[in-house]
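Protein sequence lines, in the order shown, are assigned to chains Y and E.
Just so we're aligned, residue 1 is where the first sequence starts under this note's numbering, counting upward by one.
Just so we're aligned, residue 1 is where the second sequence starts under this note's numbering, counting upward by one.
For chains that are exact copies, the list does not tell them apart, and a pair is met inside one copy or across any two.
Calculated cross-link-like contacts (lysine-lysine; reagent style DSS-like; alpha-carbon spacing at most 27 Å):
#	residue 1	residue 2
1	Lys582	Lys547
2	Lys44	Lys22
3	Lys206	Lys366
4	Lys52	Lys22
5	Lys52	Lys582
Simulated from the structure, these hints should not be mistaken for laboratory data.
There are 2 protein chains.
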Amino acid sequence: MELDPRRMQDWQIAEAAEEQMKPIGRLAAELGLRDDELVPYGAKLAKVHYAKALERLDGAPRAKYIDVTAITPTPLGEGKTTTTLGLIQGLGVLGKRVCGAIRQPSGGPTFNIKGSAAGGGLAQCIPLTPLSIRFTGDIDCVTNAHNLAMVAMTARMQHERNYDDARLAQSHLRRLDIDPDRVQIGWAMDFCAQSLRSIRIGRGGKMDGFEMDSGFQMSVASEVMAILSVATDLRDLRERIAHMVVAYDRQGNEVTTGDLDVDGAMTAWLVDAINPNLVQTLEGQPVFVHAGPFANIAIGQSSIIADRLGTRLGEYHITESGFGADIGFEKFWNLKCRMSGLSPDAVVLVATIRALKMHGGGPAVKAGVPLADEYVTENLGLVEAGCENLLAHIDIVRKSGVRPIVCINSFHTDAQAEIDLVRRIAEAAGARAVCSEHWLKGGQGALELAEAVIETCNEPSHFQFLYDLTMPLRQRIELIAKEVYGAKGVTYTDEALAKAKRLEAESYGTRLGTCMAKTQLSLSHDPELKGRPTDWVLPINDILVYKGAGFVVPVAGSIRLMPGTGSNPAFRRIDVDVETGKVRGLF
Amino acid sequence: MELDPRRMQDWQIAEAAEEQMKPIGRLAAELGLRDDELVPYGAKLAKVHYAKALERLDGAPRAKYIDVTAITPTPLGEGKTTTTLGLIQGLGVLGKRVCGAIRQPSGGPTFNIKGSAAGGGLAQCIPLTPLSIRFTGDIDCVTNAHNLAMVAMTARMQHERNYDDARLAQSHLRRLDIDPDRVQIGWAMDFCAQSLRSIRIGRGGKMDGFEMDSGFQMSVASEVMAILSVATDLRDLRERIAHMVVAYDRQGNEVTTGDLDVDGAMTAWLVDAINPNLVQTLEGQPVFVHAGPFANIAIGQSSIIADRLGTRLGEYHITESGFGADIGFEKFWNLKCRMSGLSPDAVVLVATIRALKMHGGGPAVKAGVPLADEYVTENLGLVEAGCENLLAHIDIVRKSGVRPIVCINSFHTDAQAEIDLVRRIAEAAGARAVCSEHWLKGGQGALELAEAVIETCNEPSHFQFLYDLTMPLRQRIELIAKEVYGAKGVTYTDEALAKAKRLEAESYGTRLGTCMAKTQLSLSHDPELKGRPTDWVLPINDILVYKGAGFVVPVAGSIRLMPGTGSNPAFRRIDVDVETGKVRGLF
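The shape of chain Y in the complex, shown without the other chains (with noise of 0.2 Å):
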């Protein structure tokens, strides 16, 4: 069977791919894995025992590492999942020993308009139906342990409520005195229920809860999953929950989850989703599935764990950082580069002639509206407007010292002159440029972006951190906005600015990392603006602590922690085949 991208559904192709993929045994042991560092579920997926693989991987060589990431997105995203994919089936092509991490889709956009995010046309993760709903649980897994927090916290404020301290005694309780109008956690869902976004909890009589306003976020905006895609061990995990501040008490002291005796049984939850997840792609390659936290919010990346087993057990190594250059690849380079000790030997900067149009002056992309006649036709001088925004990522990427290799992540309604152009540019302005056709031909037409990513592995890398974690919090963030997002300067609410000094006073801002909040959908602050916007200031309106991940986060305009479901959502259109147990309709 012929699998033509133009013609068949991602879950078309997928279906037809699955029924030759390879057994996940004879997939972990191309890689180098033994069979007891294998959870099987079933014979399509397993989890990693990463502790037993990687203490008897201690020494072995380290992988070239590559990290893929992207110009200011539309709506719609710019391909990065495909393009990785692409690139680990090109490299396949050419008989390199590959290895590949990406986030794990959340149900939210699954169910939602973007649908899944495990590729698409010939560049897929395989099998797609579990990676698009249960997997191997581990979302379900950080939402529960999430809730189980709120549960504690919540049920707590009740009984201190209805309990004095001699009747708290006798549950050996002492009062936490959690302030209600000083929550920092709501309650976590894997769905955009916008319903849920703001609501009143626990009315009733004095055992129906505690009475105040709450709210759901998506699980993958839940510290925990930030949590699951930081920690480089169990015991590093365990701590890191232990740390998670849920509240202030009057005092003004912080409620942690320790303090709930909650910590434990949170991890509980999660002594199976630290192990990572493997499947393959279309063409046979490993890839790990593991953690999926939100990058605008959280940091936006796949596991270090995934990363640590990748390293040690390919010849290359490829990893997905949230969202563009601005947000994801910042937060790869200052953050989880930091926290994982490794670094970035190539960096891929995906683009679409699409979102290059978009930033040069198009029409809006919407979500489920069909595209304006511009993005399908030729159009050099959007095109060239547009590069304005492909220019500014190459600058981030180049300050971390790494050359990058700008993608463009070829759709078959691109004109050649289009393609021509954005190469000249980019090549312009220091960075490789190749043009890569895997959506529609798969490993093989990604060969020119394998062989850049190859020249450019060969090539010393200079990568070095944009800050010293000794740089004071506000000296940080206004050297983030600056020389990443291109803004002339920072503006603070009272409430933040009261934080920030807080938080330098109390050298939380040394010990932490930060980790901006912003939309992905422009440079600046503001998704409306397009392009490089120029002569703007950031404004930072809270900052937020999340401990036990271990960085303070910024939050700069309005960040949304629950999406709202669309009119015409992807779950229309699923179904299940009673006769095979088959799901269809995914994309």
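Put chain E on the given structure of chain Y with help from the hints.
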């Protein structure tokens, strides 16, 4: 290592036993399953492709089928699951090919006060940790399928409020016009989260959902869980899901998941969950753990599919019904057996001296509080008085045409004279009676029980339903109230009466089963009335329609679908050994 339940906690026994447990492949092969019918989840658990296995086993001899039920329990439970597992182990000691089926424990009790529900002492299911946490993810899949329906409904209500018909038509939506005052379902979470029992959702602007009252229930109280337990195959499950009534429109018509176009996607969450999970007893007999519906509001039985499989694989298949015989067995008898086509060859009625003393007038038994003296020293007066409750349950089972086997689930504090008294009273009432020490001694302690079961299975059974489906709804309710619960009559609220009349007119009452919702803590609707209450009337406050699951639910008294977390819950004592990854503190 000698395993002594008097000196070890359940998780310590389980952990020791897991060192020597059978690999899942061998367990399955001994049960008669083929490799390609198994989906291993690591080396200790597997799902079974029910469809493949049942197709191959079509025509195989049917095993003897045994249901385990109990007297009216204390809040601590009477060891029904422990006895089920003890009986399986006892039959194993006698060399019988035996298989069992129990419900999956809910995260609510596991992390709250009651603990896990995988047996206890030397009669347990292993591996304990996955049984208590995560498992194969079935409950999470039920939660997600359920909440996806809520996302679909609340988003639809928002869009219909915000957009006119022309705009809705662009998304191919017709106006459903859901009446916000007649929404039938809430959200699901598998914890005891009393703060989410009664909430106000959709607060904020017009894009923040639809503002209305709502609430969460335990996932195990969800109709989706009930459907998982009664579905006979995937096609049947798909159809049942589509018929779930989520609300009524302003004209009074039903609005279903099918109307929301979410039934297919909900089913996609359940394509793996429909396959039963295979684990083992401490002594290596196979046990299916599948579905976990509440017994007070839903059907409270392990799945029909697990029983279909188990009765084709062994000589004896043991299944379990939730709560006392008035609830669990009555639903097994008149709902599950009618839907499955199976009928029991024997019924075991579990009693404890502790519960009989409570029914005889002993002080209240409360979870988390030490037992009063009456419960740990000989007190024949309390036991004899409490046997009134046992006699009521014997009568219930006898009405099904099966002679019950009363099993005294022995505790080390029981006096021999107390046990002898119960045996005499049970035998005088026409039951078999045995005392069983499986908690202390495992299968060796349950030989008398196993032999009584074998004897009973060799006698002819005269199993018959209490009522015919042609019997009108109110007549059926009255029959159950009088014949099973011992009420002298039934009253209805105006609302319930109107619903009953409408259901009878729509002939729902004769197409759907009747699944009573009543407290498990009394034969009556009042949890305070112990023993065998007389001279009381059953009040029906509401009648719910679970059209997908296939029954109407007359609600007697008040039923709580979201329990509360206590002040000294189990999660405080659960932790992880970060060196080994083992979970500690489960019970």
